[in-house]
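Asker: Each chain, written out:
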Amino acid sequence: MSTIQFTIDGKQCTAKPGQTIVEAAKQNGVYIPTLCHFEGLKPAGVCRICTVKVGGRNMAACTTPVADGMVVENKTAELEDYRKAIVEMLFVEGNHMCPTCEKSGNCELQALAYRYMMMVPRFPFLFPKRELDASLPKIVIERNRCVQCLRCVRAITAPDGKRIFGIVKRGGHAKINVDRELAQSMSDELAQKAMDLCPVGSILKKEVGFAVPIGKRKFDTKPIGSDIERA
Amino acid sequence: MGREDAVVKQVVAKYNNDKTRLMDIITDVQHELGCISDDTIRCIASQLQISSVDVEGVVTFYHFFTKTPRGRYTVYLNNSAVALMKGRTAIAKAFEEAAGCRFGSITSDGTIGLYDTSCIGMNDQEPAAIINGVVFTNLTTQKVKDMVAGMKAGKNVQDMVTEFGDGANQSEFIRSMVKNNIMRKGPVLFAPYEMGSSLKAALSKKPEDVIDEIKLGNLRGRGGAGFPTGMKWDFCRKSEGAKKFVVCNADEGEPGTFKDRVILTEIPHMLFEGMAIAGYAVGASEGILYLRAEYQYMKKYLEKILGDMREKNLLGKNILGKGFDFDIRIQMGAGAYVCGEESALIESAEGRRGEPRNRPPFPVQKGYLGYPTTVNNVETFCCVVRIMLEGGEWFKKMGTAQSAGTKLLSVSGDCSNPGIYEVEFGTTVQTLLEMVGGRTAKAVQIGGPSGTCIGKKDFGRRICYDDLATGGSIIIIGPDRDLFEIVHNFMDFFVEESCGWCVPCRAGNVILKERLEKIMSGKASMKDMEELESWCKIIKSMSRCGLGQTSPNPIYTTIQNFRDLYEAKVRKDVDYVTTFDLMAAVQESCKAAGRIPKVEEH
Amino acid sequence: MSKPVVATASLAGCFGCHMSILDIDERILKLIELVEFNKSPIDDIKTFTKQCDVGLIEGGCCNSENVENLRLFRKNCKILIAVGECAIMGGLPAMRNGIPVKECLEEAYLKCPTVDDNIIPNDDELPMILDRVYPLHEIVKIDYYLPGCPPRADLIWEALVALLSGKELQLPYEVVKFD
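Just so you know, the sequences run in chain order Z, E and V. For the first sequence, position 220 matches number 220 in this note's numbering, and the numbering has no gaps at all. Here this note's numbering runs 231 ahead of the position in the second sequence, where the first position is 1. Here this note's numbering runs 833 ahead of the position in the third sequence, where the first position is 1.
Be careful, since some hints might not be right.
[Said to hold, decoys possible] Going by beta-carbon spacing under 10 angstroms, a handful of chain E positions derived as facing chain V:
#1 Thr371
#2 Lys374
#3 Leu796
#4 Tyr807
#5 Leu813
Note that these hints are calculated values from the structure, not bench results. Here the structure is a predicted model, which means the values were calculated and not measured. For every residue, glycine included, the Cβ atom is placed at its ideal position computed from N, Cα and C.
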């Protein structure tokens, strides 16, 4: 199989044909921040945090296949500021009360805010009214924290392949909802999978919580992406 | 459950249990039942063997689908900026008073529902509304009173149309009061032409030569983006696929554009002929006209034209005896501006939420149902017809180097002669203003809200792809208008129409609108304005599709071209101004506790 | 040269951020050497007696008294710092944002099973409740933000020292946290 040669911020990189920029970057020890992206799921290009510049144009690195000779700009001051802005938008768009959230410390949105040293979002808080759904047997859907990454929509299906999660309404009113019948019959394993997939604390498995103490959580001591970055 | 179940079963069967026809299924079921309740959603999902949340996702995406009843008579009153200029506020009030309910609700007896809707393509005859699919234009408070009385008396909506527009609007298949207002005919679209002659010319060439002729003419997409049509067809032709599709984008949703409506009314056969030529060129035998829901009143008429063309063997099998098969079906939309984006349109035509797709793959590679698909604008197809007759060289002689041919403009707002104008590309804004009786304009919105708002100093600029690009919308803003109100209306529109898929567009537009309101309130600093400008850049740079990449334009281009207006609104002596009002903030709690608020200034 | 003057207050907060200030342990002695406290629960001075250099505010604004206090701080402090999640974004009290204040009051004072004198408190001496909880920067200009619930003692210490000494603030990853 032929090898693709390309550069990210001047660093020579190689990739296999068909790889996306995000995947190829990771393989070459370069971290491109992502939020909606999840390995193994079809890329959605929802959050736009992985936006990179190629040939003067902005594109989502999670959905764009890498091409031979590509010159990718990743860690420019402007892109980093715009990525931080998106994290900030998500913080003001929902109601992210980190101190109350059991995903705190393991939350990818929060981890990105840490990485970008967000002290306060530059945008005004919108304080939307969002519904919490605790009526399902295995999971709680806490929409105040939802970033609509569509991971659950893409990955969680019933045994017959039907989607359990979906998105309803549009624009700022868009929200995650479920096929109630299918969601009622979710197994423990599937509920756990949904919770693990959720980058924030929007899907929580009932009955267990706060299992990992502060200090031992995923992002307590190491920034998100530090496992990928190589000099 | 009885009737509901039966209706759903019947409708789903009519579409052969095909879930890609979900748009039509929902439309038909809603027509029968008045709304699509949660129970109905479950019925449809179980019949199609899909998840109910998938059905709910589609039902709740489109403006004209509803989960709750919207009245036996559903009034959708346009709330575009030009509607407001033309007195929409008084009309809305008249509707509310006469009907006895507020906008966004239905009367207690369920007779009348009043709802806002984004631009319905009638900007040259506003205020206008759609009631049960029938268009009512040039509304006056008296007309509103009469109409509401008619509704209360149970009159048929079509019978409330007493005057008819010009041309084919009078056809027995339309019978609409809509006027064409064709103010200027040009050589490409509105010159005489004989139906079938162009297709005949095309079929006598090789498909590759048809594409070459289009390329020679340097035809670019008339929707506004201006992608070279010949190149698009070439890509589609060369893409591998068991079959291919030609899709006509008749979802003209950009506020202020209505030129496709006039083409669809007066020269639909020219459009359909263009689609057939495209089919021949790219190797497709199926075409889809994606028609915005607002133009449903023309559907019967368009079906009739398609029927006529089949009879004349201009569509169907073995067209003109040349062994070429091609036919067209009409796919109705259901109210979503974003479906004007070609991949969102395809998603919608496949029965899903109209969310743009990630690219690559492009529609010419994987489009409708995964097959190579060329999506072109209504006007583009008509240009193709003329190029086949007159040649690419002839076409190229008009316009500018980068923008060949003519452009059909929809002109509305503060001018004496609103309507459509076919002008050569390269026409200056000043020339246009003189043509339309809009000399007093202080600003012109070129290309609708997603385009550019320019002031007098730029009236010498030219309308073409390389200067001021437009899909056709030209809104003239007179000297007495408050530009902020117009900008605010445009931002309302984008907030309403964002699909919600990507973060910058979904959250960003709400944030921009809020900051704009802060500036409009007079409680803002220079810093607030500078931040607003920088936020526009972020949203433009980070959004996924054209909607989010252009939605900050109303603010962005007015800050650039009318900076003095913004500077007059903001305080320059301080870098921080709060909008917090203590007296207002304590009202509700004091009322609940039975206290009189006492606020001393600190 | 006189020492920089610091004032602190807790508005709609839980005093947790103040506890975190105390959590700088023995460095508190150094802090006393470094600065002079004015209006603050730490020294129990109730009113401003002079113009201050730095004001540290914990908690957002949920009532009229919070607003009054905050404005007083803005007037009397050259630099105002929002300390902790509540000051920055409303925090836990802001979970009521989105619920009409009337409903909140009814739930707390009328419908709650443990109350029996069914009345919403209305004495004029009581602060008036705001329609929602406001982050500080929506009401006055805030110069710096120290996130956390509470902000780590190290963050508060490092930030204060940097501010008072004019040195550039270099924060290790571990100290900026939202919980």
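Asker: Each hint needs a verdict: does it hold in this structure or not?
Answerer: Hints, verified against the model:
The beta carbon of Thr371/E comes no nearer than 39 angstroms to any beta carbon in chain V, farther than 10 angstroms, and the hint placing it at the interface is violated. This hint is violated: Lys374/E has a C-beta 39 angstroms from the nearest C-beta of chain V, more than the 10 angstroms allowed. The beta carbon of Leu796/E comes no nearer than 25 angstroms to any beta carbon in chain V, farther than 10 angstroms, and the hint placing it at the interface is violated. The restraint placing Tyr807/E at the interface with chain V holds, with a minimum CB-CB distance near 4 angstroms, inside the 10 angstroms limit.
Evaluation of the Leu813/E hint against chain V yields a held restraint, the C-beta minimum of about 6 angstroms falling below 10 angstroms.
Checked against the numbered hints given earlier, this structure breaks hints 1, 2 and 3; the rest are met.
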